[in-house]
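Q: Sequence:
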Amino acid sequence: MTNKAWQIAVVGAGPVGLALALHAARLLPQSRITLFDARPADRDVGADPRTLALSLGSVQFLRRLGAWPAAAAEPIVQVHVSQAPPTLSTLFGEPAVLLRALDLGVPCLGAVLPYGALVAPLQRAWEAEVAAEPDRLRSRFGTPVAAIKPLPVGVEIDAGIAEPYELAVVAEGGVFAEQSRKALVGDYGQTAWVGSVTLRGAARGVAFERFTRHGPAALLPLPRDPDAPPDALRAALVWCVPSADDPVQGLSDAQRLAVLNTLFPAEAGRVVGISALKSFPLGLNAERTLVSGATVRIGNAAQTLHPVAGQGLNLGLRDAHELVSVLRRADTLQTALRQAEWARAADRWTMIAATDFLARSFTWKLPGAASARGLGLAALQGLPPVRDWLARRMMFGSR
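So in my numbering, spot 39 of the sequence shown is number 39, and the numbers just go up one at a time.
To be clear, the hints were calculated from the coordinates, so they are not data collected in a lab. Positions of the beta carbon are idealized from the N, C-alpha and C atoms, including for glycine. One should not assume that every hint holds.
Said to hold, decoys possible - FRET-style restraints, in silico, Cβ to Cβ:
1) Pro229 with Asp253: 17 to 25 Å
2) Gly160 with Arg43: 14 to 22 Å
3) Ala41 with Arg338: 31 to 39 Å
4) Ala372 with Arg328: 40 to 48 Å
With the sequences and hints as input, model every part of the structure.
A: In structure tokens form, the structure reads like this:
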């Protein structure tokens with residue numbers, strides 16, 4: 001009989017760690033699962049300034065977990081990707097790629113919501129599972145893990161006291177600036193300024209990705225403020241610029257508004273308000289392998305990507321989903337870990353390579369680089385089968 005009564009430690013209670021713990025608790029009913037995180041359980045996560053862009057596949061996964069906060073999320077029904085001037089124009093105007101949920105036969109391409117709005121329901125769902133099965137499931141919030149030591153069989157978790165586990169899943173990654181060097185590392189020399197803006201004259205549910213001479217900029221639709229005028233929409237802003245010659249840092253809010261209104265296409269509407277912005281340095285951190293002995297890394301602990309495609313969290317949630325799937329099917333833990341490594345390889349490396357290529361392309365000083373990107377967008381829009389295939393890869397990853 002297959003023995004799946006494993007002792008599993010999950011390190012990190014962000015969205016990926018919580019999703020993994022919750023999914024494993026339900027699909028591995030004989031296993032004992034302990035979730036560790038340095039933050040106290042009652043700390044307010046709503047202050048985190050990050051906005052999360054989730055693909056349709058991620059939304060479906062979170063719905064199955066019973067932890068999707070639909071009221072706090074804004075569906076994305078269309079994505080508009082374009083190259084800012086100067087670029088080559090086509091007979092139909094500025095080159096752009098339009099991805100529409102209607103054309104793909106899906107209700108939405110994904111959704112956008114604040115970090116805290118996702119973590120809070122995931123944590124509540126996990127704590128409900130712990131309350132129902134306290135002998136099998138444990139929460140260790142406010143308990144930082146100092147070290148994970150390999151043992152001949154399994155690992156030892158040092159979190160104040162040393163405890164043995166058969167498997168450790170590390171989902172504690174943080175942002176690029178907080179991470180130690182990994183197998184593949186690269187500082188893009190770029191800074192992401194993040195916050196929110198108010199738009200007038202925009203269509204609801206449309207996300208904009210704009211390739212500019214400084215780097216990519218994105219507007220991601222947020223739920224409407226019920227107290228705002230009917231024509232005022234909110235959007236999350238991700239504005240990537242060179243760190244060495246940062247054109248955003250010294251600007252006032254009024255100046256930032258003026259610049260943003262020159263960056264995005266007319267379809268995005270007019271930016272009439274802007275929040276305080278927070279900056280994050282950008283780079284690539286990626287482990288060559290997910291598995292080392294009896295330790296598995298997923299999410300930002302395995303790969304930290306540039307936000308140009310908004311795929312970092314989606315990749316981490318697919319890591320979590322696949323790991324639980326192979327643990328459920330495999331006869332032994334060693335077999336499961338080998339299968340997890342192979343099962344995630346294509347999806348991971350395709351997304352790592354694609355985002356790294358796009359991020360580095362903004363640092364190239366080659367003549368005509370911007371025009372080449374514009375021509376690429378025009379070609380993609382003119383090839384609907386290729387465009388739709390790419391859209392489905394962004395929604396669901398490699399299957």
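Q: Starting from the hint list further up, note which numbers the structure goes against and sort them upward.
A: none
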